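S.K.: Given chain A, put chain W in place with the hints provided.
2 protein chains.
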Amino acid sequence: MSERTIKLFIHALLSEENKKFLRGRLPAGATAVFLDELTGPARREEFARADYAYGNPPADWLEGEDIRLQWVQLYSAGFSEYQQLGRSIPVSNLHGFFARPCAETVVGGILALYRKIDELTLLKSRKEWIGSALRARMKLLHGKKVILLGTGTIALAIREILVGFRCELSLYGRTHPEARFRTKQELLAALPEADILINTLPGTVKTKGFVSADLLQAMHPDAIVANIGRGSTVDEPALLRALQERRIGGAVLDVYAQEPLPVDSPLWNCPNVILTQHTGGGSAEEERGKISFFLENLSRVLAGDKPLNLVDLRRGY
Amino acid sequence: MSERTIKLFIHALLSEENKKFLRGRLPAGATAVFLDELTGPARREEFARADYAYGNPPADWLEGEDIRLQWVQLYSAGFSEYQQLGRSIPVSNLHGFFARPCAETVVGGILALYRKIDELTLLKSRKEWIGSALRARMKLLHGKKVILLGTGTIALAIREILVGFRCELSLYGRTHPEARFRTKQELLAALPEADILINTLPGTVKTKGFVSADLLQAMHPDAIVANIGRGSTVDEPALLRALQERRIGGAVLDVYAQEPLPVDSPLWNCPNVILTQHTGGGSAEEERGKISFFLENLSRVLAGDKPLNLVDLRRGY
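Just so you know, the sequences run in chain order A and W.
Each residue of the first sequence is one higher than the last, beginning at 1 in my numbering.
Each residue of the second sequence is one higher than the last, beginning at 1 in my numbering.
With the rest of the complex left out, here is chain A (with noise of 0.2 Å):
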């Protein structure tokens, strides 16, 4: 095959410094289109004579008879609206590259309901003093019994940060060796004791409602419950019935059965409960991050080196 130009489809809204950032580390030889300089079919014709895609495209492009497309590397963890490719097209995702973000937001919104940072955010916004009056309902996360739900880069940033609370914490997964816990069951019996349960579990087929009535029912009426894994993961419905008859004390939430949340759930006018709106992965650095590991995975790529973070459809992880 005679030298020709690699072809890239950057099929995200970057801004004009993030298209120049990108564009000055293009591989020797590679052009780049970029999604919003196209409109209408242009866009799905454009992509369709690209090697190599940046983004997430719609499933259905990835489907075409006619794409030539050799390797995807999405801009999400989540890949779940690519499951059901009937082609295999090599997808990596962003796996890791979430967990110090979406941990620094879980234990944040822990330590805002703790210290009650959120009825203090809403008590200046009314220029209103109480002070010493919330004293004593401030709670400390020093010392306090948490469940991690998985043993993924999310949990494991968590694990890392409660260390300096000294909190006790234990891990729920199916095959992870420091895994306290590898059952519903086993689950079910330590959570009566348990202050704090997080999920960070990703969202699969075995997943689907994981956090269920019963493990909800099986808390105290102190302790709280944060997910910063998938909507999917928590049913939806028996959290709200815990939250809005007091038999949890709170919930940290970044993500949602529906995104975004429609404007009549309930769970906006629960109190004790912070709407992270799915921003628990952001940062200030986050594009510029995300595409220069888009180059170097391109680079192994183009190396003939398999790429990292390549996911298993099927499997979901």
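Hints listed in this document are in silico derivations from the structure and should not be mistaken for laboratory results.
These numbers come from a predicted model, not from an experiment.
For each residue, glycine too, the CB sits at the ideal point set by N, CA and C.
Hints may contain errors.
[To be verified] A few chain W positions that, by computed beta-carbon distances, are all more than 12 Å from chain A: (1) ALA30; (2) THR31; (3) LEU38; (4) ILE67; (5) PRO90; (6) ALA136; (7) MET138; (8) GLU168; (9) ARG180; (10) PRO237; (11) ARG300.
[As the list claims (entries may be wrong)] Which stretches of chain W does chain A cover? Using the computed rule of at least three CB atoms under 8 Å from a CB of chain A, they are: (12) 102-112; (13) 122-131; (14) 153-165; (15) 255-261; (16) 271-277.
M.R.: For chain W alone, coordinates are given in the frame of chain A:
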């Protein structure tokens, strides 16, 4: 001296539960009189008959020639209101008691700023989803350069927590062996590189206005300031100007020049400012813990030992 009843004066408003807790644990032969069970001049009269006191009575009560008080256990760490006393009654404070809750409030406040939990709380109150639009403005505490002013129990509790965030941490203190900065000049030279300045200094004549206009001027525009020490140790008008002119990126303030914070303070309107209303030391177990400390310390006094946490009123710590 013939055996007589030991009289305790409790200058604190305790819940019935905590009164019962205290009464159930009094030393043999001791009786307790509670502030809220007396009215008018009877309060001062009963105080004059007490051998030991718990709480923070008006400073001039300790000046009377008629009192027979031998020791006071304050329910605060601060004791500046007693520094001008002419008489030298032994006074213990609650040094160290508030370290953990204060550390959690300040780290929770910093995470709230970095992970936008204040904005997300206001969005929740309006049922408004903006989600990913916030992501590019989020920051990570991970790896940040932090300078801690002070080397007391609060500073060391904060240091322990920040290990899990892999912050690069330096202490400022005149005498602590681990302090990296010992003079204001050394501090000024280091500040341009700092991401977070956390003030835990006690309120003394020497620390008044320590966080001054020149310190704030040295900081970069994304840097944030936290104050969990004393309001007097920060030049509040200079801090306000730095915030309003966006010369610093935000603040977490637990203490203020005047408390309650006056309703016309421009701090109420400053974005990127978390006001925790002097609740930093609070926790649900706070009153119970303070009473337990008093009872333990009282048993030392009654055994003829020196009580813990005796303060030097002249030096101020």
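S.K.: Report the numbers of all earlier hints that the structure fails to satisfy, in ascending order.
M.R.: 6, 7
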